[in-house]
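Protein chains in written order, with the numbering used here: chain A, 1 to 307; chain B, 1 to 379; chain C, 1 to 399; chain D, 1 to 296; chain E, 1 to 288.
Because the hints were derived from the structure by calculation, they are not lab data. Incorrect hints may have been included.
Stated by the list, open to error - Have a look at the derived ranges for each label pair, beta carbon to beta carbon:
no.	chain 1	residue 1	chain 2	residue 2	range
1	D	F79	B	T4	58 to 68 Å
2	C	V398	A	L129	22 to 32 Å
3	B	L10	C	T117	50 to 60 Å
4	C	T117	B	A17	47 to 57 Å
5	B	L293	E	E114	56 to 66 Å
6	B	A92	C	A341	31 to 41 Å
7	E	R132	D	A152	45 to 55 Å
8	B	A138	C	A341	35 to 45 Å
9	C	K190	B	A138	26 to 36 Å
As the list claims (entries may be wrong) - Residues of chain E placed beyond 12 Å of chain D at every Cβ, according to the derived structure:
no.	residue
10	G76
11	P102
12	A119
13	R151
No experiment lies behind these values; they were computed from the predicted model shown. Note that beta-carbon positions come from the ideal geometry of N, C-alpha and C, so glycine has one too.
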Amino acid sequence: MTGTYQPDGTAPPVLEVRDVTVRFAGLTALDGVGFTVEPGSVHALIGPNGAGKSTCFNVLSGVYRATSGSVRFGDAELTGLPPHRVAALGIARTFQNIALSPHLSVRDNLMLGRHRLTRAGFVAAGLRLPSARGEAARHSGRVAEIAAFAGLADLLDCPVGLLPYGVRKRVELARALCVEPRLLLLDEPVAGMNGGERRDMAGLIVAVRESLGISILLVEHDMGMVMRLADTVTVLDFGRRIATGPPERVQDDPEVVRAYLGAAARDSAGDAARGTAREAARETGRDRPRDGATGTAPGVASGGESA
Amino acid sequence: MSRTVILRILTGLAAVAAAFAVPFYLDGFWLQAGLFAMSAAVGAIGLNLLTGATGQLSLGHAFFLAVGAYAYVYFGSEPEGELGGLGLPTPAAAVLAVLAAGVAGGLLSPIGGRLKGQYLGIATLALIFFGQHVLFNATPVTGGYNGRAVPPLELFGFAFADSPGLVVLRVPFGALERLWFLGLAVLAGAALFARGVLRGRPGRAMNTIRDHEIAAGVMGVPVARYRAGVFLLSSMYAGLAGVLLALAFQRTVPEYFGMLLSLDYLAMIVIGGLGSVAGAVAGAVFVSLLPQLLTRYSDALPLVSDPGTGGLSPAEAARLLYGVAVVAVVLFLPGGLAGLASRTRAAGRRWFSPGSARRRFSPSSPETTSPESTSPETT
Amino acid sequence: ASEKATGGAAPSAAGGDGVTTGPGVTADTITVGVMTDMTGPYASFGKTLTQAQQLYFEQLNAAGGVCGRKVELVVRDHGYDPQKAVTAYTEIAPKSAAIAHFIGSPMVMALKSRIETDKLLTIPMAWSTNLLGARAVQVTGTTYDIDMINGVDFLVKEKGLAAGDKIGHLYFEGDYGESALNGSVYAAKKLGLTVVEQKIKPTDQDMSAQVAAFKAAGVKAVLVSVGPRQAASLVGVALAKGMDVPFLGSNSAYSPQLLATPAAPALLKDFYVATGGAPISAPLPAMRKLVSEYQAKYPGEALDSGVSAGYPAAAIVGEALKKACEAKDLTREGILTAHRARGAWDGGYGTTMDFSLIDRPATRATYIVKPDKEAVGGAVIYKEAAVSGLAEEYPVPVG
Amino acid sequence: MITFLELLVNGISVGAVYALIALGFVVIFKATEVVNFAHASLLLAGGYVIARLHEVLGFWLALLAGIATAALVGALVEFLVIRRANVAVRSVLAIVTIGVDIVLTTELTRRIGTEVLALGDPWRDRVLRVGEVSIAETRLVALAVAAALITAFLLAFKYTAWGVRMRAAAEDAETAALMGVRLGRVSLSAWAVAGALAAVAALFLCVFPTPGLDRGTGLAAMKAFPAAILGGLDSTTGALAGGLIVGLTEALMNGYQNQLAFLGRGVGDVAPFVVMLAVLLVRPAGLFGTREPARV
Amino acid sequence: MNVHAPGSPGATGDSGLTVRDLVVGYGPVAALRGISLRVPRGAVVAVLGGNGAGKSTLLRAISGTLRFHRGGIASGDVTFDGERISGVEPSGVVARGVVQVPEGRRIFARMTVEENLRAGALGVRDRGANARARERVLGLFPILAERSRQRAGLMSGGEQQMLAIGRALMAAPRLLLLDEPTLGLAPIMAARIAETIQEINAQGTSVLLVEQNVATALALASHAYVLEVGEVALSGAARDLAGDDEVRRRYLGIDPDADGGTSAPGTPDAPGTPDVPAERRTLTRWSA
Ligand SMILES: Nc1ncnc2c1ncn2[C@@H]1O[C@H](COP(=O)(O)OP(=O)(O)OP(=O)(O)O)[C@@H](O)[C@H]1O
Ligand SMILES: Nc1ncnc2c1ncn2[C@@H]1O[C@H](COP(=O)(O)OP(=O)(O)OP(=O)(O)O)[C@@H](O)[C@H]1O
Ligand SMILES: [Mg+2]
Ligand SMILES: [Mg+2]
């Protein structure tokens, strides 16, 4: 099969998004957006609701077809590829709204991630050919590893439908890892999580990057997390790119403040960036939109500041 | 754990033994009815792959049965008069017939690949009417309204027919007795294959397509191709069922391959339990045996009256019962007969059984309490 | 091991009376099967058929039965479902000496070869030519095509059709319609008429389009080989649209119940039925007797063609059994031989039949019948049974 | 030419009846996202009551009774079955309705037996002649009624609270409940309405040019399937369009059977389905049907 | 816990919402084990707690939507202004002015934004109130006006969240139940929601607010209850709680005597990012 990436040691290629435009009946969700994800870096994509972040993800993963523009991953052109071909290139993603099979066990959900790396078709599986069996054994081994890595080891046989929200989010990440991606797209990985789980997820993401050295494209409204994890930040607003660069610079950008952070947010997020130690990191990690709330809610500011 | 395994093995062996003993003790009625049930079971397994596991409704199953049955006859019989035929060796004809059904499925798979759920269901209704039209009009191949005689299968010189006579353990072995064993073999094979598919890589892909199409695609599953593939596979199952059916009938009857047949198949997989192989078999046996039994034992049954004396006739009673069964199963037996079985089995055991077993559950099974299965945003 | 392990029922000399018996015959009973439809499309037909036959065999038993044995009916209702029919046949064939009626030509066709090898005398209640040609299967009366030939002949002789005219033929998909079509086409060719075909399915209800087509073609008469409802719709629409031509139906195209529908006036106007069996209202002593006895046994029940077809059929079987008994051979072979030996059978229910013919209908004489509100069975003889020259020389297609 | 016009008129008038039946499917589908296979039996029920009562009550009262009964049956089906079946996949519910249909149809056909029942309608077999072309009055009425009902429902679904309730409930029962929607009531009303519609459709299906109601009448509802789906299962306009398309195809195919003999005779019954397939291949959700929004 | 619960039943008159010893189970799973709380008329009360603590369950129990999750009230009851509303149909609860914004964006995907808002107002008869409500909503979320014709399912996550809240406001509720309203919102938008809540409350609507975002919640609420695996672990005046060390450590994640982080109940212990012990969180590369 052509255009299939078989995992090897090598570093991931560059992802280059060049003035991508996406139009839907009546509205332009993305308007000439462009940015570059350096190999092995964590690149954050932020912006107000409806700015086009998920749309961008959908273009990258082949769910939507860009109206114009190009997306190159190494020397492969992604625009126009169907999702499964994109996956074949080693690009995996998680979803903003959990998209797992509730009736399947965690193991099976993860095994689905191995789809592109396995071959067994109807015949092989139906006849239980040795090839299929061996394959299954090998890959379920790896799935177990990844599950353990994501702290799901003892949940492998539990139907996803019975898991709490936070755990499901981790299953999603694990499933994406099972694709053995070179580029990982994470759409709001910690949305709706509580403090502990936020930290846990953040830890996971860092660990992934450290141990696999893959590129990560991250959409997140949790500024603290973004500040801490991202090497580069691209800010979208109404489908346009309004800023890009290292987190510190971006968050001081008045445009960004106006469109996204809101006045008061800057300082606290700033603390985080200036790395007033793990304190702030864990704090923001735990209770995200606080940054936003501070602007309006008296009494919280103190609560936050006193940290 | 190990005890349950042993138990299952023993029950399995008992079942097999019983199945083998049948022809020696039961008369033609049972064998005939049994054969119809077996062929139905094969077809139901196929439909379950499509509807149960992949979430695609199909009302066109009868069409593919017809393709299988008629293809076998056409390939297998010598041309005579205006009736064509290839006169191939019957085993070859049987294999080709199944392939033919597959091809038919393949040709139509664009429909199967493009349409979803209930829309596909109604769309496939077209196949029934189209099929009937062809069966009645393409006389040289189908024999038109007359249907055609089915050449008996002949494996390595052994004919599945009444002649040459054969007596085993002082029991005369006619076509039915011989076909019985053929049916068993075919059914077992079909069931094992389907189980392998469901529990393997394709099964996972199919289930995910059912639960979250886009996610499946993003995880590397070529969704349209898979839908088409399953459609094709299920039509091959139908084709196989058709061949078996033809052999059991010993003649093809165009009227038979109508919409009611397709509806019956849907009823089978629901009663049996969506997505489960064992369920499909159970459902098939239930649906195809019930009317036969009621008809035969009408005299003995209290609620039904003798034909001709007015009141509820056996045939009507059968249909009522089977309609009620469909409703009752969905209302009171989520997961169908199979669900019931596995619940009773799991009763003692811990709640979470191996995922492979879990996958057999249809979305209508009890553990679908998660928002995914209900909220439109994610499904 | 099992009672099955007997090596099959070989002919055996039974009891003291030295009568050789076969399957379905014991020392004191003869079992006769009935494969009917009481829940499918032919439910009412099947019901009256069965009742009429039950009546006959009761009388037969009352009169001492056959060979001192009582005749028992085993009734199986297949509801016009081939699968059930085949299974039911598989069940009752081994224990029956004959089948007094078998509804549904698809089912009979499906089982024809088995019936033949089983040598099981069977009277199908369908009249298509493809049922001919089997020694064990006895089609009573005329076949659909013969009826149509005689019918066309009647139209030409009495309804003023002439060479060059067009006649329409509305027929069902399936052997009934198409075998009737053979007849009309043959007759048309001989008489220089052209046939305008309209084929429909039993599920079609509204014949407007067909009428429009016939009208457009300017047909002078219409042959009707469909179900009663379609026939009613056809004549109704035709009348309403001012298409004033005679209609001639096959024996299955009319049912007295139609006279209760809005189509009644149209049916009573210019609609005829060509049938080999005499209508129940026929002025024959045997038929009169049958009517009174049937009404006595089943008071208030409809008297339709089921009675006039079922009772004679039962009689044919019953008398075959008697002759076989005289020959001291109640094996199936014996019964068949006895039956086929009768060159000219007349039970007094209409035309005389020749059972020695295997690949030709037992008679070629067709009644022309007309709907009639007053008459029992809703129809009266319009023209006595007659064989047209055309029908005489018509080469019947077989199988 | 005349023939063509005649067939055209025929097609449209038959189409009107199909449209009425299709509308029943649409209502249920909008309310519960289920293809209601039991519609045929609702139809049979309504027709049966009209047929049995018109001699006693006179036609109009009988018609009302029929509508009421069919509505009641529909409501009962909802109350006894649909409401109690909580399944995640709609296809399963669709199959349940098959079960319901089997039960109802068996019982009704048992009662109808093999009779052909007249409905005693006032239009009898009168036809209206326009030059050479003639059309049955019953069909004219059907056309009018269909048009009226369909526009009525179109507006109802779009603009009345009832319509919004119904669609909300269909899409997300729990949330609808949180909006104060009485779920039970909504789907009950939907099924009742569908039943009533079925009765009306039954009326026009069983009067002239067809001789009357009999056990086979239900099967005619099958013809409305292609109508409903090629129009778009959730679109009232679709029901009308689909009905007319199916009616026309059928009428023309039958009328020109001789010219089309090479397709095999009786192609008129297949043609609508072929058309349906063609449409669906281009527009998987039918002509006017709304596609699922694809969004992650 | 030491903090006195002001809303303990009977403490004040029965105006507002009162929950008494509520026990809720999902089949075998017991989600609430005897919870009591009060939302006095005109107050904003916050319910805090980790994942799976039972917050949503509580709201479902109040709005009567447990059955949609195969759950049910085992014992205890819920009254609103003295009327018993436990066991009442959801529609009945809404009719009494108690309206819930469900967890996650349960907007009607196939309907337009406009129709979603109309669905929200289904309970309301009075046209005037209706118009006012609409004005307010569109004022709060102009985007909804711009997109009124768009299919709601096609809106962005956050837009859907706004629609969900706007839809609930259309019912002009007396008591608003909010389940994680700021979920997935941009900081600026989260702030907007916070304002909105204050505003709504100022206009006389009582609010029961479920939030993961403890700081915001405590800032908005007068009283707060902290749930832990189905029980009220803490309750009291928001101010006290905000000051309470216990709360600050366990729920605000602020760690006076900075030691290794503790994780929320139910989730496997996972240390904060900066101090990841390498051996515990590594995954070797995989090669075929
Ligand atoms: N399939 C679609 N059809 C029409 N419009 C769409 C579609 N998908 C997205 N949109 C619109 O495009 C815009 C961008 O949506 P997108 O989901 O990318 O926003 P986002 O940045 O992810 O916002 P959030 O942070 O809330 O998730 C939104 O206005 C949305 O309504
Ligand atoms: N439908 C359900 N079936 C079975 N158990 C459930 C169901 N819904 C919730 N639970 C369980 O009930 C408990 C409380 O769940 P609930 O959703 O109320 O927690 P929560 O506080 O809302 O969590 P989150 O912050 O993630 O929303 C959890 O243990 C959860 O697993
Ligand atoms: Mg998004
Ligand atoms: Mg919650």
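Structure-based check of each hint:
1. F79/D with T4/B: 58 to 68 Å: violated, 41 Å
2. V398/C with L129/A: 22 to 32 Å: violated, 54 Å
3. L10/B with T117/C: 50 to 60 Å: violated, 42 Å
4. T117/C with A17/B: 47 to 57 Å: violated, 33 Å
5. L293/B with E114/E: 56 to 66 Å: holds, 58 Å
6. A92/B with A341/C: 31 to 41 Å: violated, 46 Å
7. R132/E with A152/D: 45 to 55 Å: 32 Å Cβ-Cβ, so the 45 to 55 Å window is violated.
8. A138/B with A341/C: 35 to 45 Å: Because 42 Å falls inside the window, the suggested range holds.
9. K190/C with A138/B: 26 to 36 Å: At roughly 30 Å between Cβ atoms, A138/B and K190/C fall inside 26 to 36 Å, so the hint holds.
10. G76: Holds: least Cβ distance 21 Å, greater than 12 Å.
11. P102: violated, 6 Å
12. A119: Not fine: 5 Å to the nearest Cβ puts A119/E too close to chain D.
13. R151: Since the minimum Cβ distance to chain D is about 5 Å, R151/E lies within 12 Å and the statement is violated.
Of the numbered hints listed earlier, those contradicted by the structure are 1, 2, 3, 4, 6, 7, 11, 12, 13.
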